[in-house]
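Sequence order for the protein chains is L and C.
Numbered by this note's numbering, the letters in the first sequence go through residues 10 to 285 in order.
Numbered by this note's numbering, the letters in the second sequence go through residues 33 to 382 in order.
Rather than coming from a laboratory, the hints here were simulated on the basis of the structure.
Possibly wrong hints are sitting among the right ones.
[Unchecked claim] Pairs of lysine-lysine residues, derived as DSBU-like cross-links and limited to a Cα-Cα distance of at most 30 Å, are as follows: (1) L:K202 / L:K116; (2) C:K135 / C:K161; (3) L:K194 / C:K161; (4) L:K116 / L:K194; (5) L:K202 / C:K135; (6) L:K202 / C:K106; (7) L:K194 / C:K135; (8) C:K135 / C:K106; (9) C:K161 / L:K202; (10) L:K194 / C:K106.
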Amino acid sequence: MMSAQRFNRILLVLLLSLTAIWLIVPFTMAVMWSLVDPSEPWTADRLVPPVISLHRWRDMWENSSLKTALVNSYLLAPSAALAALTLSMPTAFALGRIRFPGREAAKILALLPLIVPPFVTSIFFTSLLYQIGLHHWRFGAILFAHAIVFMPYSIRILTVSFEQVRADHVDAARDLGASTWARWKVAYLPALKPGIFASLLIVFIQSIEEFAIAFVVGSPDFTTIPTLLYGTLGQDFVRPNAAVLSLILVVPNVLLMLILERLLKSANPALNSGKG
Amino acid sequence: MGGISAHDLRMEFDGFAAVADVGFEVATGEFITLLGPSGCGKTTLLRMISGFLAPTAGTIHLAGEDVTRTPPEKRDTALCFQSYALFPHLTVRENLEFGLRQKRVPPADRETRLEAVVGALDLSPHLAKLPNQLSGGQQQRVALGRALVMRPSVILFDEPLSNLDARLRDQVRIEIRRIQRDFGLTAIYVTHDQAEALAMSDRVFVMKGGRIEQSDTPERLYGRPRTSFVADFIGNANVLEAEVRTVDGNGLVQLDTALGPLLAASTIPPQGSRIRVCWRPEDADLAATGPNLLSGRVTHRAFQGHFTDLHLETGATGCRIQTKQPGIQEGDTITFSLKPEQIVLLEAVA
Numbered sequence: 010m011m012s013a014q015r016f017n018r019i020l021l022v023l024l025l026s027l028t029a030i031w032l033i034v035p036f037t038m039a040v041m042w043s044l045v046d047p048s049e050p051w052t053a054d055r056l057v058p059p060v061i062s063l064h065r066w067r068d069m070w071e072n073s074s075l076k077t078a079l080v081n082s083y084l085l086a087p088s089a090a091l092a093a094l095t096l097s098m099p100t101a102f103a104l105g106r107i108r109f110p111g112r113e114a115a116k117i118l119a120l121l122p123l124i125v126p127p128f129v130t131s132i133f134f135t136s137l138l139y140q141i142g143l144h145h146w147r148f149g150a151i152l153f154a155h156a157i158v159f160m161p162y163s164i165r166i167l168t169v170s171f172e173q174v175r176a177d178h179v180d181a182a183r184d185l186g187a188s189t190w191a192r193w194k195v196a197y198l199p200a201l202k203p204g205i206f207a208s209l210l211i212v213f214i215q216s217i218e219e220f221a222i223a224f225v226v227g228s229p230d231f232t233t234i235p236t237l238l239y240g241t242l243g244q245d246f247v248r249p250n251a252a253v254l255s256l257i258l259v260v261p262n263v264l265l266m267l268i269l270e271r272l273l274k275s276a277n278p279a280l281n282s283g284k285g
Numbered sequence: 033m034g035g036i037s038a039h040d041l042r043m044e045f046d047g048f049a050a051v052a053d054v055g056f057e058v059a060t061g062e063f064i065t066l067l068g069p070s071g072c073g074k075t076t077l078l079r080m081i082s083g084f085l086a087p088t089a090g091t092i093h094l095a096g097e098d099v100t101r102t103p104p105e106k107r108d109t110a111l112c113f114q115s116y117a118l119f120p121h122l123t124v125r126e127n128l129e130f131g132l133r134q135k136r137v138p139p140a141d142r143e144t145r146l147e148a149v150v151g152a153l154d155l156s157p158h159l160a161k162l163p164n165q166l167s168g169g170q171q172q173r174v175a176l177g178r179a180l181v182m183r184p185s186v187i188l189f190d191e192p193l194s195n196l197d198a199r200l201r202d203q204v205r206i207e208i209r210r211i212q213r214d215f216g217l218t219a220i221y222v223t224h225d226q227a228e229a230l231a232m233s234d235r236v237f238v239m240k241g242g243r244i245e246q247s248d249t250p251e252r253l254y255g256r257p258r259t260s261f262v263a264d265f266i267g268n269a270n271v272l273e274a275e276v277r278t279v280d281g282n283g284l285v286q287l288d289t290a291l292g293p294l295l296a297a298s299t300i301p302p303q304g305s306r307i308r309v310c311w312r313p314e315d316a317d318l319a320a321t322g323p324n325l326l327s328g329r330v331t332h333r334a335f336q337g338h339f340t341d342l343h344l345e346t347g348a349t350g351c352r353i354q355t356k357q358p359g360i361q362e363g364d365t366i367t368f369s370l371k372p373e374q375i376v377l378l379e380a381v382a
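Isolated chain L (complex conformation) (with noise of 0.2 Å):
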């Protein structure tokens, strides 16, 4: 008994600094990389940068298109998160609530795309917006190839969370003189509210780390932060300024991940409610 709870302990303690290790290990070398100062290179010999300053910061922030690809993301991603929250639900409500011949098939058909390699779907999806003219609207373009791409994942949580509304709720406000509107309001409401958020912000982060599409319909002059990343890296790979890039981009989705986690754990009353 004593031996199984210290085994049992001893995992638990590897389990973490495993999971520590994995996760500071690279956020720590992103950090010291971006923070290397050009007038003495990080060799391998050092465990540290020789000289740090804030130089790559300062000199990315004023001498690329690091600000213009920070509103383009920033603009994009909750656009095209509110686009395929939207999109979702008629999909996510005939899922989740209407009882047809084929809906077990149809959930995972509406999850199918998702295991399309991105750039076999952006290389097409660029066709198409070529064909709906929709390509010299560049910002358009990727935010309507964004909440197309992305929908899978708002249609299937959704879906849960319809699925999750008691129709006795429904009933009952209907028994009570409920509108439509009203319906909505006291009874599905609150048994969607967890999945919208999630959905929106799993659309979200995907978004802001979207490259493909946004590569491909969007370059040269239409920059994201990933495009920016990637661009960084393919020319002549300056470390340091990708490091740079890359915690401008992971630090926003680490934060959102949290409140994510947050909400998702709030009691969902809806849930656990008396009887039924």
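With the hints as your guide, set chain C onto chain L.
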């Protein structure tokens, strides 16, 4: 306030008739129970009255008005759900007020109506709580209150007590009946529990296969069932087949049964030459006089406190009797009699 009248109601799902040609009249203030096994169509009938299902054929009138195609949100009925269906993110007060807000009842009026219901159901200590902070019985009272506060002309109950334990069930049952009387409501109550139906109702509609098998007062339903289904579903009954020998002008019927010849007194003529009859186990009289004298050997005895349940072997068949005498043991042979009016004539054997 108003009664309900239904004519030739029919509800089909994919060609299957869940409710078939049902018609009835319910008077204002009457308490009606729809009783039957699962799948008998009682819930379907309730959902047609509340408006959630539009009947395939037939009409429903509430307080004289044709509501057959009126949706539930526009119907003057209020439904108490089996699951209570309280909105979990709203407090008890918000749940109670929900319907009044939907109907745009002015705040002052809203407050008066709320107070009346809160008082009657003793909910004032819970107004600020969320439903999941209440016990099952309290949630049930909130659900009842939420329906009552609407002052509907008809209140509908869908097995409201099935989630409560036995002791609480008795208490809420009494409460529902008291409030229904105090508020003068017409009530339709769905249950599969015959004890509940007998205890609460002015009239019970016993349903089977989508039809109303018999609609009667609890006393008549128990004492004068019309079919073996009703006799068997309500209380215990000894049901047996009988050959009709003679019928005289006073309603006395001579029968030949597996228990031997029996004499029955009936106000209605037998439905055929070969019929079913029934009698209640507690009608067996061990004083043993009169025309229907039967005897049998006790094969099983179960002491129940206020009575003793005996299974007898009589002739080629068996029967069950209940007696207040606890002294009889298994293996004893006993003699008992039945009064002619205690033997009830049921349907003809097909």
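So, going through the hints one by one against the coordinates:
1. L:K202 / L:K116: It holds: about 21 Å lies between the C-alpha atoms, which stays within 30 Å.
2. C:K135 / C:K161: holds (24 Å)
3. L:K194 / C:K161: holds (20 Å)
4. L:K116 / L:K194: holds (26 Å)
5. L:K202 / C:K135: holds (26 Å)
6. L:K202 / C:K106: holds (29 Å)
7. L:K194 / C:K135: Distance ~16 Å between L:K194 and C:K135 Cα, so the pair holds.
8. C:K135 / C:K106: Between C:K135 and C:K106 the Cα gap is close to 10 Å, so the pair holds against 30 Å.
9. C:K161 / L:K202: holds (22 Å)
10. L:K194 / C:K106: Given pair L:K194, C:K106 holds - Cα atoms ~19 Å apart, limit 30 Å.
Of the numbered hints listed earlier, not one is contradicted by the structure.
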